[in-house]
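Construct the complete structure from the given sequences, taking the supplied hints into account.
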Amino acid sequence: MEAVNNRKKWIDAGYELFSASGPQALNVERLSLLVGLNRSSFYHYFGDIDMYERELLNEHIDRFELLSTELKQCQSFDPEMLHLVKGKPLEIKFHRQLLVNESTPRYIDCFKNAKSHTEQTAFHLWSKFSELGSHPDAEFNLFETVRDYSLLHFEQAEDEKITSMLHDVKLLMFLRSHFDHDKLNMG
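Read in order, the letters of the sequence shown correspond to residues -10 to 176 in our numbering.
By construction, these hints were calculated from the structure, which means they are not laboratory data. Values in this document were obtained by computation on a predicted structure and should not be read as measured data. Please note: incorrect hints may appear among the correct ones.
[What the hints assert, rightly or not] In silico EDC-like cross-links for lysine to aspartate or glutamate, where the CA-CA straight-line distance does not exceed 20 Å:
no., residue 1, residue 2
1, Lys75, Asp126
2, Lys75, Asp98
3, Lys75, Glu133
[Stated by the list, open to error] The following label-pair restraints were derived from C-beta to C-beta distances:
no., residue 1, residue 2, range
4, Arg28, Phe129, 38 to 48 Å
5, Ser105, Leu141, 12 to 22 Å
6, Ile38, Val135, 31 to 41 Å
7, Glu5, Arg95, 14 to 24 Å
8, Asp37, Thr58, 12 to 22 Å
9, Ser65, Val17, 39 to 49 Å
10, Asp39, Lys(-3), 13 to 23 Å
11, Thr58, Ala9, 19 to 29 Å
12, His142, Arg43, 22 to 32 Å
13, Pro94, Thr134, 16 to 26 Å
Built from N, CA and C at the ideal position, the CB exists for glycine as well.
Next comes the structure, spelled out in structure tokens:
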């Protein structure tokens, strides 16, 4: 039982460190100080830093699978989904680090794998929020843009600012769709 707990301590500490500072922060000495275990324990459980990093990437995918289950319980994009996501800061910051470091193939693969568990549900909630059902490709592109912008700025902007931005996007989409509709009726 102690071995399982110690292994989990290493994973949790690395997940938090990666989330906060990215992959360059993963260092056995630093992790050892954080978890209060000796370095030999690290090598016993993981072998080397590459195997450890793979474990962290798998942990992220597992956490997004759980997030997917929680997302399916949401009835609205705003406020339910936004509140749920805001309550998952480590997962979102880890996901941001994957996006920021997308030049590394294993990070972009993990990013894509993790988002595959949540993307359709999140997009469905976004579609109900945006009310642009007549332009699905454009709506999905806008969803990706808003998602990635929000991901990159997670915790850097106040909740009110993000909510305001989302409602401004919705208003602009509404105005654009009415402008296009009026243009068609005039032509």
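So, going through the hints one by one against the coordinates:
The suggested pairing of lysine 75 with aspartate 126 is violated, with an alpha-carbon distance near 27 Å, which exceeds 20 Å. Our distance criterion of 20 Å between C-alpha atoms is broken by lysine 75 and aspartate 98, whose separation comes to about 24 Å. Annotation: proposed proximity of lysine 75 to glutamate 133 holds, straight-line Cα distance about 18 Å (limit 20 Å). A beta carbon spacing of about 46 Å between arginine 28 and phenylalanine 129 agrees with the range 38 to 48 Å that was offered as a hint.
The hinted range of 12 to 22 Å is satisfied by serine 105 and leucine 141, whose Cβ atoms lie roughly 20 Å apart. Take isoleucine 38 and valine 135: their Cβ atoms lie about 35 Å apart, and the range 31 to 41 Å holds. Taking 14 to 24 Å as the suggested C-beta distance range, the pair glutamate 5 and arginine 95 conforms, at roughly 19 Å. In this structure the supplied range 12 to 22 Å is violated for aspartate 37 paired with threonine 58, their Cβ-Cβ distance being about 33 Å.
At roughly 44 Å, the beta-carbon separation of serine 65 and valine 17 lies within the given 39 to 49 Å, and the hint holds. One distance hint, 13 to 23 Å for the beta-carbon pair aspartate 39 and lysine -3, holds here, with the actual separation near 20 Å. For threonine 58 and alanine 9, the Cβ-Cβ distance of about 26 Å falls inside the hinted range of 19 to 29 Å, so the restraint holds. Restraint check, histidine 142 to arginine 43: a C-beta distance of roughly 28 Å satisfies the suggested window 22 to 32 Å.
Checking the proposed 16 to 26 Å range against proline 94 and threonine 134 shows it holds: the Cβ atoms sit about 23 Å from each other.
Hints 1, 2 and 8 from the earlier list are contradicted by this structure; the remaining hints agree with it.
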